[in-house]
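*Asks:* Residues per chain are reported as follows:
There are 2 protein chains.
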Amino acid sequence: MSSTNEEFNLSGSEALKSVFRNHASGIAIITGRDSAGNPIGFTASSVTSLGSNPPLVSFNIAQGSSSYPHMTKGSKLAIHTLDSQTLHLAQRLAGDRSKRFDGTESNGPFDVPVFEACPAILIGEVRERFEVESNAVVVIDVLLASSHEVPAAPLLYFQRGYHTAGDRLADNS
Amino acid sequence: MSSTNEEFNLSGSEALKSVFRNHASGIAIITGRDSAGNPIGFTASSVTSLGSNPPLVSFNIAQGSSSYPHMTKGSKLAIHTLDSQTLHLAQRLAGDRSKRFDGTESNGPFDVPVFEACPAILIGEVRERFEVESNAVVVIDVLLASSHEVPAAPLLYFQRGYHTAGDRLADNS
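These protein sequence lines map, in sequence, to chains A and B. Using numbering that gives the first Met the number 0, you'd call the opening residue of the first sequence number 0 and step up by one each time. Using numbering that gives the first Met the number 0, you'd call the opening residue of the second sequence number 0 and step up by one each time.
The hints are simulated quantities; they were obtained by calculation from the structure and are not laboratory data. Don't take each hint at face value.
If chains are identical, the list can't say which one is meant, so a pair holds when it fits in one copy or spans any two.
Within a straight-line C-alpha distance of at most 25 Å, the following computed PhoX-like cross-link-like pairs (lysine-lysine) qualify [as the list claims (entries may be wrong)]:
#	residue 1	residue 2
1	K16	K72
2	K16	K75
3	K16	K98
4	K75	K98
Produce the complete structure using the sequences and hints provided.
*Replies:* Listed below in structure tokens is the structure:
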């Protein structure tokens, strides 16, 4: 074994950014309602499974996000997975807050706003929030899902842009 | 707005699996050492940023994982991002535990075992663990990184297989 310490020349937030620039994330949009019943939503790159028994999902969010105050314990949310055909939704829900909902959304279970064009929609409930510095990990209990059987190409984010998935390299044996 | 409740015909863990089957994740390998100094490591699909100031990363792990007892507060870890050229490392670190390290690894900072073939390696320290049911969210303080400037295709996981990234669809404007 050799020693390679000299190559570790990045530190702190520069280290984080350099590494994550090339780390791909699946893209989702998350929607819900504020206390007045208005739709809220945003594009998220941190949605991931946290176990299947019971079924749990987590995502990370800045506490300063306009959506965060409405993600209290028991709040119902919709997590939509996206594909190359729904790129426009990723862009819209990452853009001007006043233009994220335009009436093309539907009312899903628990009156949560949903975008039916997405390949899969998961309905969940906020179980717990873990606050760390100015951010938070939000843990969701999975309740319901609507999943189309279309074999669409998932939407990804890396190198400051949206990508579609490419070639299959290997099965998980 | 229409109402679409009738399409939400999946619940519980079936709902989770159906949605996440088509949600792509970037693939990383995480390495460290147990209390006896032996290398430990595993393949992870949940590595994500948790804010840049201070720089934090999170990942999810089962508490029953053989690596979990060694991820105590202050433990040093290496998080490697992978590309299509390092698929074999994703496979090896997801396989037989006795064959995950074969001497091709190097000693990185803090004596953490690292695989230099990976496009980027982040060194961090366990800050906090949030246990939820039989799983946990592990929060890492980012310390150092070694990042190659190769524009490699990130390695992804979805539909029970490894994939490479495909076409760039749009910049993040």
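*Asks:* Checking an output row: K75 and K98, CA cutoff 25 Å. Within, between, both or neither?
*Replies:* Classified as within; 22 Å inside a copy, 44 Å across copies.
*Asks:* As a check of your reading, is K16 near K72 (CA-CA no more than 25 Å) within one copy, between copies, both or neither?
*Replies:* Classified as between; 23 Å across copies, 31 Å inside a copy.
*Asks:* Is the C-alpha distance from K16 to K98 at most 25 Å within one copy, between copies, in both cases, or in neither?
*Replies:* So K16 and K98 fail the 25 Å test inside a copy (29 Å) and across (32 Å) alike.
*Asks:* Is it within, between, both or neither when you check K16 against K75 at 25 Å Cα-Cα?
*Replies:* between (32 Å within a copy, 19 Å between copies)
Of the numbered hints listed earlier, the single one contradicted by the structure is hint 3.
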